[in-house]
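Visitor: Going down the list, the sequences are from chains A and B.
Numbering follows numbering that gives the first Met the number 0, in which position 14 of the first sequence is assigned residue number 13; successive positions increment by one, without gaps.
Numbering follows numbering that gives the first Met the number 0, in which position 104 of the second sequence is assigned residue number 103; successive positions increment by one, without gaps.
Calculated from the structure, these hints are not laboratory results.
Even glycine gets a Cβ: it sits at the ideal position worked out from N, Cα and C.
Treat each hint with caution, since some may be false.
Straight-line C-alpha distance at most 30 Å; calculated DSS-like pairs for lysine-lysine [to be verified]: (1) A:K98 x A:K85; (2) A:K98 x B:K5; (3) A:K38 x A:K79; (4) B:K5 x B:K129; (5) A:K41 x A:K10; (6) B:K113 x A:K10; (7) A:K10 x B:K131; (8) B:K5 x A:K10; (9) A:K72 x A:K10; (10) A:K57 x B:K131; (11) B:K113 x A:K98; (12) B:K143 x A:K41; (13) A:K38 x B:K5; (14) B:K113 x B:K143; (15) B:K5 x A:K25; (16) B:K113 x A:K105.
Simulated DEER-style distance windows between Cβ atoms [claimed, not checked]: (17) A:S1 x B:H24: 35 to 41 Å; (18) A:Q34 x B:G117: 21 to 27 Å; (19) A:E21 x B:I91: 33 to 39 Å; (20) A:Y5 x B:V27: 16 to 22 Å; (21) A:K79 x B:R81: 46 to 52 Å.
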Amino acid sequence: MSVLAYSELLKRITGIDDHQLEEPFKILSQNNTTQSRCKIIKGLALYEPISIGNLLRKSELPRGGGSYLTVRKYFLSLEKAGLLEKYLLHNRAVWRFSKNGEHLRKYLLT
Amino acid sequence: MITNYKTENIRSCKYTFRLGEIFRHTSVDLVDVSQERFPQLTEISLPYVLQPGEFVIGRTIEELDTPLDLMSIYAASSLSIRIGLNILSGGINDPGYRGNAIFGIHNVSQNKIKLFYGMELLHTAFLELKGKAIPVQTRYMGGKIL
C-alpha cells in the first residue's frame, strides 16, 4: 500500500502528467514570459482560437499599437518554438495552442 | 477521480477539499438509528457564523469518484485545529464511492467562527490498494447526508 504523491494526484485528477509540462514551461521561460504575458497565455487557453486584438480586450490589457506588436512578437517566438500556431479565420489571423502546447493549455484551464 | 476540483488544492501528497454547503440538525425527541429515526436537516446559507459549541454538517464542493484501486483517508486541516474547529469525518473513503465528502464541523472554541464558501477544513490522502477491492454499497452514495 502506498500513498499517492503530487505528480500522481495531478495525473489522476487532471489527466496532466507533470513530465509533459516540462518542455512547454522551458519554452515559456526561454521566451521572456513576464507576469502580464502569463495573463495573456492564460487568456489564450481560455478563448482560443482568438486574434491578438480580441485577446487583449478580453484579458483587459492595454490594446494600443505598441502592446499589440509586443504580444505579436511574443506569440511569433512561441510559434517558432512550436508552442503556438496561427491560422486565418475569415481573413483574420487567430492564435491557438499547437499540439505540443496541448498539455500546457489543459493545465492553464484547471 | 475528483470533479469540481481546483488544481491549487492538489498538494504534496493530499487533496484539500473546499466547503460548499452546510446543514443543521433540527431537534427531535429521540434519534434511534435502529428505528430509522434520524434528525431532519435544514440547509444554512454561507457565509455563516458558527457559535461556540454549535455543530453543523458540511458538504464539499468536490465530488469523488473513487476508483477500485484506491481508497482515501480524511483528516482535519491544520487550519481547523488552529482556529478551534473539531472536524468529524467517517475517516475512510471507500473504493467505489461516488459523491461529495460529508463531515461534521463542531466549534469547540470560545469564539464565534465564520464559515464561508470554499473554506478549507478537510483534506484527504489517497492510498493505492494491494489486491482487489469490492465497490462500496452505501445509502449515502452521491453525497447524501441522511
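Visitor: All hints, please: hold or fail.
Guide: Here is what the structure says about each hint:
1. A:K98 x A:K85: holds, 12 Å
2. A:K98 x B:K5: With a Cα-Cα distance of about 24 Å, the restraint between K98 (chain A) and K5 (chain B) holds, given a limit of 30 Å.
3. A:K38 x A:K79: Roughly 20 Å between the alpha carbons, so the hint for K38 (chain A) and K79 (chain A) holds.
4. B:K5 x B:K129: holds, 28 Å
5. A:K41 x A:K10: Satisfied, since the Cα-Cα distance of roughly 20 Å is no more than 30 Å.
6. B:K113 x A:K10: This hinted pair is violated, its Cα atoms lying about 34 Å apart.
7. A:K10 x B:K131: The hint holds at about 22 Å.
8. B:K5 x A:K10: Holds, because 13 Å separates the two Cα atoms, which is no more than 30 Å.
9. A:K72 x A:K10: Measuring from Cα to Cα gives roughly 33 Å; hence the hint is violated.
10. A:K57 x B:K131: violated, 50 Å
11. B:K113 x A:K98: violated, 46 Å
12. B:K143 x A:K41: This hinted pair is violated, its Cα atoms lying about 36 Å apart.
13. A:K38 x B:K5: Holds: K38 (chain A) and K5 (chain B) sit about 18 Å apart, inside 30 Å.
14. B:K113 x B:K143: holds, 24 Å
15. B:K5 x A:K25: Judged against 30 Å, a Cα distance of about 24 Å means the pair holds.
16. B:K113 x A:K105: violated, 35 Å
17. A:S1 x B:H24: 35 to 41 Å: holds, 38 Å
18. A:Q34 x B:G117: 21 to 27 Å: 24 Å Cβ-Cβ, so the 21 to 27 Å window holds.
19. A:E21 x B:I91: 33 to 39 Å: holds, 35 Å
20. A:Y5 x B:V27: 16 to 22 Å: Check failed, 45 Å falls outside 16 to 22 Å.
21. A:K79 x B:R81: 46 to 52 Å: For R81 (chain B) against K79 (chain A), whose Cβ atoms are near 50 Å apart, the range 46 to 52 Å holds.
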